[in-house]
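Enquirer: Below, each chain spelled out in residue letters.
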Amino acid sequence: MSAASSARRLGLKALRRIASSPALARAGGKERLARLLYLASRETSRLGSRIARTGRPPARQRTAPRADLFDLTPTEEQELLRGAVREVAERVVRPAAKEADSACAVPEEVRSAIGELGLLALGLPEELGGPIAERSAVTSVLALEALAWGDMGIAAAELGPAAFCTALSLWGDGDQQAAYLPDFAGEHPPVAAFALAERNPLDNPLWPRTGARRRGEGWVLEGEKALVLRGGQATVALLSARTERGPALFLVELPAAGATVSPMPAMGLRAAQTARLTLEGVAVGADALVGEGDPKVFSAALARSRIAWAAAAVGTCQAVLDYVIPYVKERKAFGEPIANRQAVAFTVANIAIELEGLRLLCLRAASRADQGLPFAREAALARAFAARRAPAIGSDGVQLLGGHGYVKEHPVERWYRDLRAVGTIEGGLLV
Amino acid sequence: MINLEVPRKLKGLAEQAHDVAREYFRPISRRYDREEHKRPTELDALAAVMEGMEASGATMGAGAGGVRKEGGGEGNRNGANMATLLGLIELAWGDVGLLLTLPRQGLGNAAIAAVANEEQRQRFAGMWAAMAITEPEAGSDSAAIKTTARLEGDEWVLNGEKIYVTAGQRADLLVVWATLDPTKGRAAIKPFVVEKDRPGLILERLEEKLGIRASDTAAFRLENCRIPKENLLGSPEIEAEKGFGGVKQTFDNTRPLVAGMAVGLARAALEETRRLVGEAGVLVDEQLPPNLQGAAAARLLELESDYEAARLLALKAAWMADNGKPNSLAASMAKAKAGRSCVEIALSCVELCGALGYSEELLLEKWARDAKILDIFEGTQQIQLLIIARQLLGKTSKELR
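Protein chains in written order, with my numbering: chain A, 1 to 431; chain B, 1 to 401.
It is possible that some hints are incorrect.
[Unchecked claim] Here are the in silico distance ranges between beta carbons for each label pair: (1) A:G402 to B:K325: 31 to 41 Å; (2) A:F334 to B:A144: 24 to 34 Å; (3) A:A392 to B:K325: 23 to 33 Å; (4) A:A343 to B:N291: 47 to 57 Å; (5) A:A392 to B:D44: 40 to 50 Å; (6) B:L356 to A:E409: 53 to 63 Å; (7) A:E109 to B:T380: 44 to 54 Å.
None of these hints come from the bench; they were simulated from the model.
Note that CB positions come from ideal geometry on N, CA and C, so glycine has one too.
Next up, chain B with everything else stripped away, as it sits in the complex (with noise of 0.2 Å):
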């Protein structure tokens, strides 16, 4: 049966994390935004609050650690990728910096879960993991990695460059994707695990950034670093048609979820706005056509529409995960249409509270620029559209470049 509203079983667990988001996340927010490269240490006891309630099952599944497809199965199911999309969207209404650099909540803890075999898994349960797949020639082109791989006995040798690696300096491991084979493209590219106490691998700098400035990202140089052979996620096999699938598998799992932090921001702007605009004599009536209120009004509106579609567009994503249905195509259009609409919103709620939106007197101005990464990371708004257009149009990557 059709229906779209959000399961009452994990309505608790949105609640829960909207109220981590408002008492422990709003108060912080200006003050990790001023102060970058600070590290927030008032998450450190809330990172165990929150894996005790991921231990207790309190959280569906919910949290980097639990994403991942699930089986077809009896029935409907609203599952872990729901619980995670929910949760989600609820710490990043609170603020999006904070969220990414949630102890143990990493990207590489994304691509952990998915991947790793029942031994790394165990090995390397309880740790911080950041991801590291970008390079300084290879950003959206993830297939032109340089960084390689070289197996050396028991060992991994890997030498090359990492940029804008979420949480690299806080995180325990770097899930670093490297190739075993520079002529072999796609399908020699493979992710490995590196404790961040391996020696050869270096720290180079921590950028600074337009947003989500509470969040560290690190620059890092391999330099023969070398780690067990044992580190390798998934098989040492160079398969063309396998190839390259753990980045994919990972990205159609976390696309839904950077939508829902772009439709959390998204929310947050539009929850201060209207309250502000309304404070200010502006209501919005639903029933009335657009055009016969007033500008700001209407513009809420329209704001508000596009707001929910990419709610929707997020839930439908995550619920095909969650029943087995390939969401690839779905989970694009999740994170084209958040990431576009939560900046286009953040930058207008600006807009409609004017001077008082743009001063630092609010987390509007914060908002609209923690938004901007939202349509950058995971994949950029005209790769989305790409992945997108090929999949409609049955193109190829060279048909379509």
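Extracted from the complex, chain A is given alone in its bound form (with noise of 0.2 Å):
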């Protein structure tokens, strides 16, 4: 263990102390915490810089052992991180979302509340200065979870880098991950993103209709891809096109001489600028090429990316439903709260419902890919559920507050333009 992944240890350890101790729950103690955890993980960053960039082999975080009991409970470091995102998302989040959502824009200061939180780096290996050494899939999907509840969009444009780091973590090579990843456990993360979208109907991401074509030692790209988040601030994507073996994933640099970039906006999702991003013969190197190309690793970041997008419609599932209960019970009509009818409770319990299976199958996938067991099925499984159940109780949400759920005074109308993207978009996050 280097010097500084101990010191690192220490700090966690007292953290937990902190932590546990009944203090915390008093004045400022959450916020002292949240800071905390990012000068954590801030500890090892300086180390990530130094790493020389010729010919090194991948750093990668381990595979978490194999557990032996089915448990619910997150470890001390997921709860405490959980606790301290969901203060943020309370606190500075919620407050901002109705504005970033008419702006397109994410306010400076909520963006540094966030970035404080260090979540970027949390897939990134200790070697490049990630704060934890194990694969965490569970552990994006409870921080996810817990932004998502403030407000899905602000999510979507703060996670989105963090596709790009994850992805570079889990499968880039040596030199790829020396000259992008490093910056991610630094003050300033760059903008990155991770596009697989395409603007057809019926658009088969396993089949994207952005070609890479061989020239010389590298490649040339032509296409275009949809509703990339943060495109137009994006100083590097990771984005899928096919090749002669099938989809695959490139590195592009932007700007880049024949890629242009365009708004893109969107019924929801609007705080995270979603952007066109258009390739006309844009030429890479071959050290642009991820994962060698393998299809295996394509498969796997599909899967990952579709398990984060029904881990934010969790948290904004969630929100819709804690904005409901008292909004049911408060409002009133033929001389009692509207919660006195079945209709309208039994509506509630079924958002409660399908929105706990929901969660359950985004922890079971996650929890496989930590764990090195397959995981295509369960993340399909989560999709497929998410793509259904999500709009619906988008829908259920705005249906309870009737005619004020339909005007913006209430959240529920952007929840349910949000809520539409689970199960349409492809990309972007990931666990």
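Take the two lone chains, each set in its own frame, and fit them into one complex as the hints suggest.
Expert: Okay, here's the thing in structure tokens:
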């Protein structure tokens, strides 16, 4: 164990002590915790930037050990992190969500509050400055859920770059990692995008129309990516293109000759500034191909992205549930709260049931991924379930508020729009 | 550490249950569906084997006798609740009707295990106990029970009518729910053990049913039926806040198990349908967006996601019970989701397999008939939604009716 990582472990121990002290519950405790988490993740960041660039073997997080027992209890670190993210989601993200949606931008203070949580580096290997030694899609699921409870658009904007970071951590070679990853543990992480979706009806991510043609040692990319999160600000994108072996992932630094980014505002996720990325004869080197073009790498990336969107849906669906409960209890019709009517109460019960089912589906897929078990089926089920249930929950949220739900005075119309992204979009996020 | 896989230590148990389901249940499944009310004597030997396994500890406390709330204790536990759930999922994969008529594994046994004192537990050990709650005028509304219990000297005198008693004819004991005072509502309703040979207990009829026809469903009349004072389960006091606790306690433990039955049946239907449509050339691709596949494949993916959600909800409820966490909400969620999903899945599977699925050539049509009861007994879909909604909204049963 390196000195830096021992220091970080000590830091986490101290965090645990603080977390278990009753004093924390008192004023300002949670805020300090968030700050400490940030510092703990920063501890090793200097190490990362010193890594040499040539021919280094890639760094990877370890596979988590096989768990023996069925267990729904998060680890202490996960609980701590979830609490910290939830606190920021409640105090900073939610109050800013309406304005971020209409302005199609995340306010700077929201950005920095989320940045301080150090979430971007969750998937980074320790040698590159990451805070955790073991791979944890489960941790990402918990963080995404907690942040998307605040707002899905802001969560997508701020955690989109984490998808890039995690992908390179998982599949990048030593040079690719050295070129891009150390910055993610630093103070000013880059804006990076992970782009799979295209703007074709019946889009098939397994057969992108964007093509990669060999030219000399390198490749030429031709095509178009859609709904790229923060596409206009991204300095690098990891995108899918079809090679003779099937779909593969390529690194494209932006701006690049032949690459055009234009806004592609959508029904929801507006804070994430979705964009269109057009590639017209964009030349990249041999080193742009990630995971050696292995179709298995692409499959895993697709599955992990679907788990991420399902996890974000869990957060937003929970927001719906938490919002409609007090509303239907206060709202009166025919002389009593509408919550006293079965038609209303059962709708609330059904939101809770399907939401809990979705949460468990996400966690199972993620925990299998962490333990090195096959997880394609579990990710597919989480996605299939989310694609159907999440928009329905968004719709129920508006319906329970009736006309009031349809106007922007309440957030349910935004959740209705955001939740339709789930099952529609591919890529962007990743666990 | 979050992990939603079935623990290795319980896999052996599930495999054993699966073998039983495949070797004992499936071959006689159709026969006892056709010959309703005929006792499946094949199960007598099986019950003995299962009890042997239970006594040896090989079943980790699974079985109706073992389901109890666990104390807190140290660390994470996967105990009797999960073991029982996993066993039942497999048995229900075989045949829900036969599972319900496994000797000495009745719901009454679960009630005795949950609330009996030590003396009673010993006295009723090794006996098959059926549960008698429902009355012609009191279904889901079990607080409206009219059967009365009157203390005369050292005996309780029971009067009333009980219907839908699963295994009522074949069991040795009935756990009869009766009120000590009809004016005092839920608090006065208590469970009594009635031996089947007591005079005054009259078997009125056996029902002819849509499904689970291997399991007998009996109706009884109690006419001045006398039982010893010691046959009351729990305390004779009418305590307002504790009232009806026995029923609820039992149901918190058994709702996830009924959810498990629904999960097992749903899996049977899905496996069979996957096989059949596979032979017809439809393969489900997990990565390809459903809309780019055939409608049958897309539908199967949808149904499987419901199945998986139901399964995980049931596991969660059992896990909470094993770890001493209050699981009333989780138990109702599992039951509601699994109950409605298994009906939808089984009916959809019949549809996907067309005329063949609808015919008696296969078991799909039988599973679709069996499925419906799982969304009804142990609390209907609507009752589960009421329980869930009341908890979420903080409503009493008076406010949200």
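Enquirer: Does the Cβ distance between A:F334 and B:A144 fall inside 24 to 34 Å?
Expert: Taking Cβ atoms as reference, A:F334 and B:A144 lie about 27 Å apart, which means the hint holds.
Enquirer: Note whether the CB distance of A:A343 and B:N291 lies within 47 to 57 Å or breaks it.
Expert: Given range 47 to 57 Å: violated, Cβ gap about 32 Å.
Enquirer: So does A:G402 sit 31 to 41 Å from B:K325, Cβ to Cβ?
Expert: Given a distance of about 36 Å, which is inside 31 to 41 Å, the answer is holds.
Enquirer: Please check whether B:L356 and A:E409 have a Cβ separation lying inside 53 to 63 Å.
Expert: holds, 55 Å
Enquirer: Cβ-Cβ distance between A:E109 and B:T380: within 44 to 54 Å?
Expert: About 51 Å separates the Cβ atoms of A:E109 and B:T380, which means 44 to 54 Å holds.
Enquirer: Go ahead and decide if the range 23 to 33 Å is satisfied by the Cβ distance of A:A392 to B:K325.
Expert: At roughly 29 Å between Cβ atoms, B:K325 and A:A392 fall inside 23 to 33 Å, so the hint holds.
Enquirer: For the hint 40 to 50 Å, verify it against the beta carbon of A:A392 and that of B:D44.
Expert: holds, 48 Å
In this structure, only the earlier hint numbered 4 is contradicted, and the remaining ones agree with it.
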